[in-house]
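**Q** Between the sequences and the hints, there should be enough to build the whole structure, so can you do that?
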Amino acid sequence: MHNARNAMEVESSSTCALREFGCEQSLLSRPDGSSSFIQGDTSVLAGVYGPADVKVSKEIHDRATLEVLIQPKVGMSGVRERAQEQCVRETCEAALLSSLHPRSSLSLVLQIIHDDGSLLSCCLNAACMALMDAGLPMGCLFCGVTCAIDRDGRIVTDPTMQQEKESRALMTFAIDSTERKVLMSTTKGSFSVNELQQCIAVSQRASEKIFQFYRDSVRRRYSKTL
Amino acid sequence: MFDSFKHKVGEVVLPGDVFSFASLAPDSRVEKLICGPGLRRNGDEVLVCKSGVLRHKPPNLFWVDSQQRRYVPAKGESVIGIVTTKVGDTFKVDVGGSEQASLSYLAFEGATKRNRPNVQVGDLVYAQFIIANKDMEPELVCIDSCGRANGMGVFGTDGLLFRVSLGLVRRLLVPQSEIVKDLERLFPFEMVVGMNGRVWVRARTTQQTLIVANLLESCENMTAEQRKALFLRVAGGCP
Amino acid sequence: MAAGFKTAEPLEYHRSFLKENCRPDGRELGEFRATTLNIGSISTADGSALVKIGNTTVICGIKAELATPPTDAPNKGYIVPNVDLPPLCSSRFRPGPPGEQAQAASQFIADLIDSANIIQREDLCIESGKLSWVLYCDIMCLDYDGNLLDACVIALLAALENAQLPEVTINKETELAEVNPQKLHPLNVTKHPVGSSFAVFDNTIVIVDPTAEEESLSTATITVVTDEDERLCALHKPGGSGLSAEKLQDCISRAVTRHREVRKLIEEVLKSIKPQQ
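Protein chains in written order, with UniProt numbering: chain F, 1 to 226; chain H, 1 to 239; chain C, 1 to 277.
Nothing false has been slipped in among the hints.
Computed cross-link-like contacts, DSBU-like style, restricted to lysine-lysine with a CA-CA straight-line distance of at most 35 Å:
| hint | chain 1 | residue 1 | chain 2 | residue 2 |
| --- | --- | --- | --- | --- |
| 1 | F | Lys73 | F | Lys209 |
| 2 | F | Lys73 | C | Lys76 |
| 3 | C | Lys247 | F | Lys58 |
| 4 | C | Lys6 | F | Lys58 |
| 5 | F | Lys224 | H | Lys181 |
With the Cβ distance kept under 7 Å, some of the chain F side facing chain H (calculated, not the full set):
| hint | residue |
| --- | --- |
| 6 | Met132 |
| 7 | Met138 |
| 8 | Val218 |
| 9 | Arg219 |
Read the hints as simulated data drawn from the structure, not as lab findings. C-beta atoms are modelled at their ideal positions from N, C-alpha and C, and glycine is treated no differently.
**A** Here's what the structure looks like:
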């Protein structure tokens, strides 16, 4: 087992303040790649299996079949999880070079440990770290950023559950690492076009910090073999 | 020449990192660049697609050293496989990849249509890939290009098979591997190392076999000093 | 020849059309398919609508029932949307429990009802803490040819505008609800969101209103929902290739004009059925 846990503290005065982040890779022994990602009190554990044998019914002749499962902290996964799975899966598909492993299956399991807001972005971050740990070929990295617009019109990045509840609109974006484009977007509440553009800009700025955090985590992981 | 690239050697790279050679004049690009695992060539750019440490072997070979666990077959690599079924004239061999590899009964030293090799389901084979690409079923052989076994074939009636990370396997397989040298000093043992992360060990007693296996597994995340200290302790405690 | 090309190289086939700024069905890149609307098609439902966007056919029925309001919000009613993709509508859907796409669409519609505030849930309350309406909005796809979400949103909105609920009073003496089916009231639809879907080809070319084939060949799909105040109610992009800010802005402006077109259509159809009542 290898420990790459570290913390990232960002000055809270800037507009894209993030909570304290933590990440550990390769912490599970069975999966081919695993990670745990912590954003403040929100925590998600991810495991990746593959490239492995695929069921004939799910086989795709020119690329790998990706399956994403999100397990909630309590109870069965329902419609909400299914919608989140779709978002995570299609984001991963955009980043992975799945044509390099045709006719094989990749499965990504995300176990929610604790939800204190920004859950989907934490799932995306955990997924990216787990895919990287599994050594699957990727064209770029991605990260998830959640933005909340509060009653006064201020943008809060990486909101807690309380801040999410008090917000008037909530948006989650997945940003890619090469061009900082929006890979995934899902929103709640209504907002103006201008607010949307601001949130995207803030998320893009926040993504820089997250990608730097990714790099530091991976560097720490490989520190012994450098 | 590859200055932008070379000064990154030994550093951690992440998927999506791009090294561009477009700024160089076309005629000065005489040196050819060979991209190993984890790197992809795209016109004048080299794209990193795996996380790990960038390595360089003079004059122009670059690759990413990553700690991957799942094996992906590659042509020419020697692996330890487990025979799972016999289908007609071929054996299906599990090598830990996404698909089972096939192994013809004629691909053994001295095998002919009359003189079939003695291979049973469940046997371990040390074999080499002659076909391994993403579009075809991987195929193994237990002979080299001259038809000699050259160490390959069925092995391991007893002993212990276990899995380690692909990174550790590569460290074991480098010529003059430090780890192997240190281990050899403890007591004599036989070892087969497959590129697919499988290691088979046999020593004089079961206890010694287990010691070797446990030591190898613990080497995974140790620095050279930590390892040396551990081996010294074991050497002291061993009869 | 063309049919063989289409089967062998579907992506190349579409690309050759897109290069000429048109699409295999003769549309321009920014053109929607003909949208038709039929309101009140199910006589047994409290409100219903049938929408066709090209071949895609979606029907929405609204059934109202009485229930006790939720304990944490005693002055609110319930809206329960559900999107069904039966095997009838396309060979890609299998019988059995709803698949990922159907569940994701249901969640999208449920989120949209909350985000856009189509109906104030307080309006569904009859007596605080005692009685409120539950609106079951069942959306069923009869023919799947892409752009499901747009069709669902239009069908839902039209069905809600069509819905008529009987007057309910609580008898003070018996404490029982009394329904008066003679007195029907329409629902108070406060916001009118309309969605526009786009597909991205080869990470760059954006087309509107993709067919099922275009959806499966595209690298990403986006659904933008706007309301009459030109505010965004949803920007749903489940993944796929990245999109630059300019392209996104184009999508939003196209969604705003589409909103006007669809609003006009719904109002016209509503007006045309009024005299019969």
